[in-house]
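Undergrad: Here is what each chain is made of, one letter per residue.
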Amino acid sequence: MGEKVFMQGNQAMAESAIRAGCKLFFGYPITPSSEVPEYYARAMRERPEENITFIQAETEVAAFNMVAGAVATGHRAMTATSGPGFSLGQETMSYMAAADLPAVIVEIMRAGPADGEILAAQGDYFQAVKGGGHGDYNNLVLAPYSVQELCDLIQESFALAEKYHNPVILLSDATLAKMRESVELPGRTEVPVPAEQYNALRGCGKDKEPHKVVTCGDGPIQWGQFNERLQAKFKRIKEHEVRYETYQLEDADIILVAYGSMARVCQSAMNMAREEGLKVGMIRPISLWPFPEKAFEGIVGKKFLVCELSAGQMVEDVKLSVENKRDVSFFGKLGGTTPSPKVILEQIRKMGGAK
Amino acid sequence: MKTIYKRPEVFTDAVTTYCGGCGHGIVGKLIAELIDEMGLQENGIMVWPIGCSCLSDRYYKMDMMMALHGRAPAVATGIKRADPSKFVMVYQGDGDLVSEGMAEIMHAAIRGENFSVIFINNAIYGMTGAQMAPTTLMGQKASTAPTGRMEDNSGYPVKMAEILAQLPGVVYSERVTVNTPSRINACKRALKKAFQLQLSGHPGMSFVEVLSPCPTGWSMSPIKSLEWIDEEMTQVFPLGVMKDVEKGGTEA
Numbered sequence: 243m244g245e246k247v248f249m250q251g252n253q254a255m256a257e258s259a260i261r262a263g264c265k266l267f268f269g270y271p272i273t274p275s276s277e278v279p280e281y282y283a284r285a286m287r288e289r290p291e292e293n294i295t296f297i298q299a300e301t302e303v304a305a306f307n308m309v310a311g312a313v314a315t316g317h318r319a320m321t322a323t324s325g326p327g328f329s330l331g332q333e334t335m336s337y338m339a340a341a342d343l344p345a346v347i348v349e350i351m352r353a354g355p356a357d358g359e360i361l362a363a364q365g366d367y368f369q370a371v372k373g374g375g376h377g378d379y380n381n382l383v384l385a386p387y388s389v390q391e392l393c394d395l396i397q398e399s400f401a402l403a404e405k406y407h408n409p410v411i412l413l414s415d416a417t418l419a420k421m422r423e424s425v426e427l428p429g430r431t432e433v434p435v436p437a438e439q440y441n442a443l444r445g446c447g448k449d450k451e452p453h454k455v456v457t458c459g460d461g462p463i464q465w466g467q468f469n470e471r472l473q474a475k476f477k478r479i480k481e482h483e484v485r486y487e488t489y490q491l492e493d494a495d496i497i498l499v500a501y502g503s504m505a506r507v508c509q510s511a512m513n514m515a516r517e518e519g520l521k522v523g524m525i526r527p528i529s530l531w532p533f534p535e536k537a538f539e540g541i542v543g544k545k546f547l548v549c550e551l552s553a554g555q556m557v558e559d560v561k562l563s564v565e566n567k568r569d570v571s572f573f574g575k576l577g578g579t580t581p582s583p584k585v586i587l588e589q590i591r592k593m594g595g596a597k
Numbered sequence: 013m014k015t016i017y018k019r020p021e022v023f024t025d026a027v028t029t030y031c032g033g034c035g036h037g038i039v040g041k042l043i044a045e046l047i048d049e050m051g052l053q054e055n056g057i058m059v060w061p062i063g064c065s066c067l068s069d070r071y072y073k074m075d076m077m078m079a080l081h082g083r084a085p086a087v088a089t090g091i092k093r094a095d096p097s098k099f100v101m102v103y104q105g106d107g108d109l110v111s112e113g114m115a116e117i118m119h120a121a122i123r124g125e126n127f128s129v130i131f132i133n134n135a136i137y138g139m140t141g142a143q144m145a146p147t148t149l150m151g152q153k154a155s156t157a158p159t160g161r162m163e164d165n166s167g168y169p170v171k172m173a174e175i176l177a178q179l180p181g182v183v184y185s186e187r188v189t190v191n192t193p194s195r196i197n198a199c200k201r202a203l204k205k206a207f208q209l210q211l212s213g214h215p216g217m218s219f220v221e222v223l224s225p226c227p228t229g230w231s232m233s234p235i236k237s238l239e240w241i242d243e244e245m246t247q248v249f250p251l252g253v254m255k256d257v258e259k260g261g262t263e264a
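Chains A and B supply the protein sequences, listed in that same order. Just so we're on the same page, my numbering is the position in the first sequence counted from 1, plus 242. Just so we're on the same page, my numbering is the position in the second sequence counted from 1, plus 12.
Treat the hints with care, as some may be off.
Unchecked claim - Derived lysine-lysine pairs resembling DSS-like cross-links, with alpha carbons at most 27 Å apart: (1) A:K448 to B:K259; (2) A:K448 to B:K204; (3) A:K372 to A:K521; (4) A:K450 to B:K171; (5) B:K236 to B:K259; (6) B:K73 to A:K454; (7) B:K18 to B:K153; (8) A:K454 to B:K236; (9) A:K448 to B:K171; (10) A:K448 to B:K41; (11) B:K204 to A:K454; (12) B:K171 to B:K73; (13) B:K153 to A:K454; (14) A:K450 to B:K18; (15) A:K450 to B:K41; (16) B:K153 to A:K448; (17) B:K200 to A:K448; (18) B:K41 to A:K454; (19) B:K73 to A:K450.
Treat the hints as calculated values from the structure; they're not laboratory data.
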């Protein structure tokens, strides 16, 4: 492990990505993501020995496609963006999932829809988790809730992207991106040699099979088989990459469900409720796709309160996980403000947790 | 017996899906010959577009990436920046380069990306069925311009070779065609020059625009199509070297 520092979420994450061997960054400035391209731009000039490349793309459309080209050569590459820019990248998200390209995309959620607001929100859950692009595909989506997790999960994102040859979305939000926190920066990770990467473009000799990145169908039968192979990849991810944390579930009457910065608020609310003698626990999904359905298995006779900075998106996955057989309530906040723990505590009290 | 001509070795056995009289196959063969002659197979990566040439992965024994519509220059930017030691060739049609991907080609050129772009201008959308392209001539009929292109809602043909020649990031820009044997040879010389500039490490984009016949899209016989290039296309899109950094400045 590396040194302990007090650092902003975006900047700490960028440093962690560089230490994970991601020396290629392509991006378009957008609040609240801009410290990431700025960090790479500085590092490129100030640390020439690290051989870092930063390109400020003309659009997010171009940035996502530059990442696609770069990772196709077997090198680690990433971009970071926010809502409107993430929307522009969706064509390429679909493409990269189909083309088995191990890209890492950081999506720092701000309040939508449209131009929206620049403060933290979680309204891009559907877009990231359900696939905002065309066709049947999935992205692995990881949701950190601290600067430490931003640093740890960005490193893990590269390894997962390469393990499954699929894009990984690190779903951050404006609060995590802009907050400063004490963090132990991860050390440098082993980076696979590009030439050993599956299907990496590197030029082919006369006697070798060429490496091709092609997503054009060749008739419905071939394309059906292509899709079946993709679905098998998504199934493998679903079976092996579920991540979540649980807190004080054993005796809980009410279980909060939250991710990202909202999970921090809920954790505080849970602790306040416990001090009042209310039996409250929490489930914090870390992988949003695959969604941690098994965290909900076997939980009977308890009430769930799903809290999101949205009109209610993850709550649908919670209801699916309990097959609509449990008592699931929702609390959401829209527009870019984050509720205080007291607001959540009030919701807990209303649910009759005081029995 | 001495072999004086043979099928390029980089070609696979696949048969192209191009229509009779199409120019793509001619340019594709010139590219294959140059790959063999210049030894580019080992270290080269091709980036293909969406359009009539989007099945080109079948034709060459080369590493390649089939980009999304219009995005080939951005993909090539990622490839070349990740591995500058590679020879990178981008191939795009007029719908891909001038319409869907205008931002990507312009900004790759503005940044002076060090790869070669081959632009097939046939003044029509071939694969989707003869719709109007940004390079469609005034009055030229297309399925989305049934009475011919009119300036009131479609503006005027775009001259990419001239536009890109204005940019400091472009080291070479030439417009050629393939409607006679001597012009096919001239096209090959232009492609070779573009490839050489990239290989010589001249930082910047080398660009070759090829006026290419599309008998199916133009509703003409193959022979009439070759004549139409002289009679109509070259009047709007003059042939010639627009910029050669080795000769200094813009010649257009």
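Undergrad: For each hint, tell me whether it holds in the structure or not.
TA: Structure-based check of each hint:
1. The hinted pair formed by K448 of chain A and K259 of chain B fails the criterion: a straight-line CA distance of about 36 Å is larger than 27 Å.
2. Restraint check for K448 of chain A and K204 of chain B: the C-alpha separation of about 21 Å stays at or below 27 Å, so the hint holds.
3. The straight-line distance between the Cα atoms of K372 of chain A and K521 of chain A is roughly 33 Å, outside the 27 Å bound, and the hint therefore fails.
4. A distance of roughly 40 Å separates the Cα atoms of K450 of chain A and K171 of chain B; the hinted pair therefore is violated under the 27 Å criterion.
5. A threshold of 27 Å between alpha carbons decides the hint, and for K236 of chain B with K259 of chain B the separation of about 36 Å lies outside it, so the pair is violated.
6. For the hint linking K73 of chain B to K454 of chain A, the alpha-carbon distance of about 10 Å falls within 27 Å, and the restraint holds.
7. With a C-alpha separation of about 39 Å, the suggested pairing of K18 of chain B with K153 of chain B is violated against the 27 Å cut-off.
8. The hinted pair formed by K454 of chain A and K236 of chain B fails the criterion: a straight-line CA distance of about 37 Å is larger than 27 Å.
9. Pair hint K448 of chain A plus K171 of chain B does not hold up; C-alpha atoms about 38 Å apart against a cutoff of 27 Å.
10. For the hint linking K448 of chain A to K41 of chain B, the alpha-carbon distance of about 18 Å falls within 27 Å, and the restraint holds.
11. The hinted pair formed by K204 of chain B and K454 of chain A meets the criterion: a straight-line CA distance of about 24 Å does not exceed 27 Å.
12. Restraint check for K171 of chain B and K73 of chain B: the C-alpha separation of about 33 Å exceeds 27 Å, so the hint is violated.
13. About 37 Å separates the Cα atoms of K153 of chain B and K454 of chain A, which puts this hinted pair outside 27 Å; it is violated.
14. Between K450 of chain A and K18 of chain B the alpha-carbon distance is near 22 Å, which keeps this suggested pair within the 27 Å criterion.
15. Straight-line distance between C-alpha atoms of K450 of chain A and K41 of chain B comes to about 21 Å, which keeps the hinted pair within the 27 Å bound.
16. This hinted pair does not check out: K153 of chain B and K448 of chain A have alpha carbons roughly 45 Å apart, beyond 27 Å.
17. A distance of roughly 23 Å separates the Cα atoms of K200 of chain B and K448 of chain A; the hinted pair therefore holds under the 27 Å criterion.
18. As the CA atoms of K41 of chain B and K454 of chain A are separated by approximately 20 Å, the hinted pair is consistent with the 27 Å bound.
19. The straight-line distance between the Cα atoms of K73 of chain B and K450 of chain A is roughly 9 Å, inside the 27 Å bound, and the hint therefore holds.
Of the numbered hints listed earlier, those contradicted by the structure are 1, 3, 4, 5, 7, 8, 9, 12, 13, 16.
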